[in-house]
Amino acid sequence: MSGKIDISVTVNGASYNRSVEPRMLLSDFLRHELGLTGTHVGCEHGVCGACTILLDGRSARSCLTLAVQVDGQEIETVEGQGSREELGRVQTAFRDHHGLQCGFCTPGFIMTITDMLHHHPLESDEQIRDALSGNICRCTGYQHIVNAVRELAKERGPLQ
Amino acid sequence: MKPVAFDYVRAQSVAEAVAALTSSGGEGKVIAGGQSLMPMMNFRMVRPSVLVDINRIPGLDRIEERGERLHVGALVRHRMTASDPVIGRHLPVLHAVMENVAHLTVRNRGTFCGSVCHADPAAEMPMMTLLLNGGVHVASPRGERVVAARDFLLSSLTTALEEDEMVTGIALDTLPPGTGWGFEEFARRHGDYALAAVVATMEGRDGCARNVRVAVMGVGDTATRLPGVEAALEGQRVDEDVIAGAVERLRAEIEPNSDLNGSADYRRHLAGVLAARVFRAAWTRAQEGGAA
Ligand SMILES: Cc1cc2nc3c(=O)[nH]c(=O)nc-3n(C[C@H](O)[C@H](O)[C@H](O)COP(=O)(O)OP(=O)(O)OC[C@H]3O[C@@H](n4cnc5c(N)ncnc54)[C@H](O)[C@@H]3O)c2cc1C
Ligand code: FES
Ligand code: FES
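If you read the protein sequences in the order shown, they are chains G and H.
Using our numbering, the first residue of the first sequence is number 1, and each one after it goes up by one.
Using our numbering, the first residue of the second sequence is number 1001, and each one after it goes up by one.
The hints are simulated quantities; they were obtained by calculation from the structure and are not laboratory data.
Note that the structure is a prediction, hence the values are computed from the model and not measured.
C-beta: ideal position from N, C-alpha, C; glycine also.
Possibly wrong hints are sitting among the right ones.
Here are the simulated DSSO-like cross-link-like pairs (lysine-lysine), alpha carbons at most 30 Å apart as the crow flies [unchecked claim]:
hint	chain 1	residue 1	chain 2	residue 2
1	H	Lys1002	G	Lys154
2	G	Lys4	H	Lys1029
3	H	Lys1029	H	Lys1002
Derived DEER-like restraints, expressed as beta-carbon distance ranges [stated by the list, open to error]:
hint	chain 1	residue 1	chain 2	residue 2	range
4	G	Arg129	H	Asp1151	47 to 53 Å
5	H	Val1004	G	Gly35	21 to 27 Å
6	H	Arg1145	G	Cys43	44 to 50 Å
7	H	Arg1277	G	Arg129	46 to 52 Å
8	G	Gly3	H	Ser1155	55 to 61 Å
9	H	Ala1019	G	Arg129	45 to 51 Å
10	H	Ser1155	G	Pro121	55 to 61 Å
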């Protein structure tokens, strides 16, 4: 029972072929098989949002997804959002607005916000806070994160 | 924690999925969005020996008008239910309710039918399925059957689904344009499971409430319709006296449990407060012709 299964996935534009046990969580696959430790693991039951990634362009909990399920699909993680030399747009807004302290929750916020900027109306603070409500941060008190998103939302303009 | 080891079947059709469930001899589990199942597997509270993934079965991800009813396929995600224009046209109340379900990332994956199969007493989708006289379409090696929502939702986390069956979709009533609706829930944090919620719909005809439907959740082993409360409102001009009578009836009819979020008495009180607001809102909308 539970022999390994071959999968091929694209992560941040690079394709990977691996053989995985069905029970391997996507979060563990990214961290342990691919060495992409930017995706953090907090609660492993869908509540904290630290493990959020993009799956075919939409945010998903990698701790509630199995690696075997994403065969043939495209994943984006925080590593694809920018580099130390050249931060991505959401990362820059976080730096400018002090949107992080310890940084544990940050990769999940960055990925959730990337989804929000593509798909969600963000015209009021209420809408911004509602869209962020699935990600928990123990440090910042959220205000600086909301400030960062407000600037990004303004820059984006109204959704379509 | 991590799940125990299991075999994985990626079903390409409903027939393949039910065949895999059958050959697992009762040890199989369907995975749809995984937003309730995976936490339970990570905690090892659920240990299937075969996991049957239905996510790649074509054709299940649609919301369709079928005669007077709307058919919500097994892969319709919360995000779709919350924003689909067909639902907006026929069931504005469902749009309003869906705004309170979980958070955007969970809504991207979680399915309407998966929530009904999970049958959490504090989940919105089972309550809405009861309110809208849902017919649960169930497939098995024996063919298809349709189970009425009230016969499907048996109690907390328990449904009438047999081991070799899967749900392919749920048919819901549409409501006539202009139907008034009200919905209120109280959760400790927006998007979390609610301590209690009340939903009602009614048409306003000749100055009276007609075709009244009332459902509650979080105040019993399963979401439920409240026929006595519906009767207290049916045919009435819904003024404050009628509302007070209906609220009293509601508090008598429900059997809430105590848990660490609130005592049974607190929940009974809360449900009544929410209900009064819901009946007022539904009546006002019914008189305005249901304008959202
Ligand atoms: C952080 C968080 C917050 C949440 N907040 C809320 C909330 O406020 N309100 C709310 O209602 N829910 C909430 N949920 C739960 C969410 O709505 C789930 O998505 C939903 O309950 C289950 O749907 P699913 O498609 O993910 O099902 P899964 O997790 O895949 O499955 C759930 C159960 O149903 C069975 N099942 C699923 N589909 C089928 C099928 N087609 N046929 C037969 N069996 C099937 C599975 O075998 C399993 O037993 C929350 C979840 C999380 C992680
Ligand atoms: S680790 Fe996935 S949501 Fe917390
Ligand atoms: S910055 Fe520390 S948890 Fe958010």
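We went through each hint and held it up to the structure:
{"no.": "1", "hint": "H:Lys1002 with G:Lys154", "in the structure": "violated, 41 Å"}
{"no.": "2", "hint": "G:Lys4 with H:Lys1029", "in the structure": "holds, 19 Å"}
{"no.": "3", "hint": "H:Lys1029 with H:Lys1002", "in the structure": "holds, 17 Å"}
{"no.": "4", "hint": "G:Arg129 with H:Asp1151: 47 to 53 Å", "in the structure": "violated, 40 Å"}
{"no.": "5", "hint": "H:Val1004 with G:Gly35: 21 to 27 Å", "in the structure": "holds, 26 Å"}
{"no.": "6", "hint": "H:Arg1145 with G:Cys43: 44 to 50 Å", "in the structure": "violated, 38 Å"}
{"no.": "7", "hint": "H:Arg1277 with G:Arg129: 46 to 52 Å", "in the structure": "violated, 23 Å"}
{"no.": "8", "hint": "G:Gly3 with H:Ser1155: 55 to 61 Å", "in the structure": "violated, 37 Å"}
{"no.": "9", "hint": "H:Ala1019 with G:Arg129: 45 to 51 Å", "in the structure": "holds, 46 Å"}
{"no.": "10", "hint": "H:Ser1155 with G:Pro121: 55 to 61 Å", "in the structure": "violated, 39 Å"}
Violated hints, in rising order: 1, 4, 6, 7, 8 and 10; the structure is consistent with all others.
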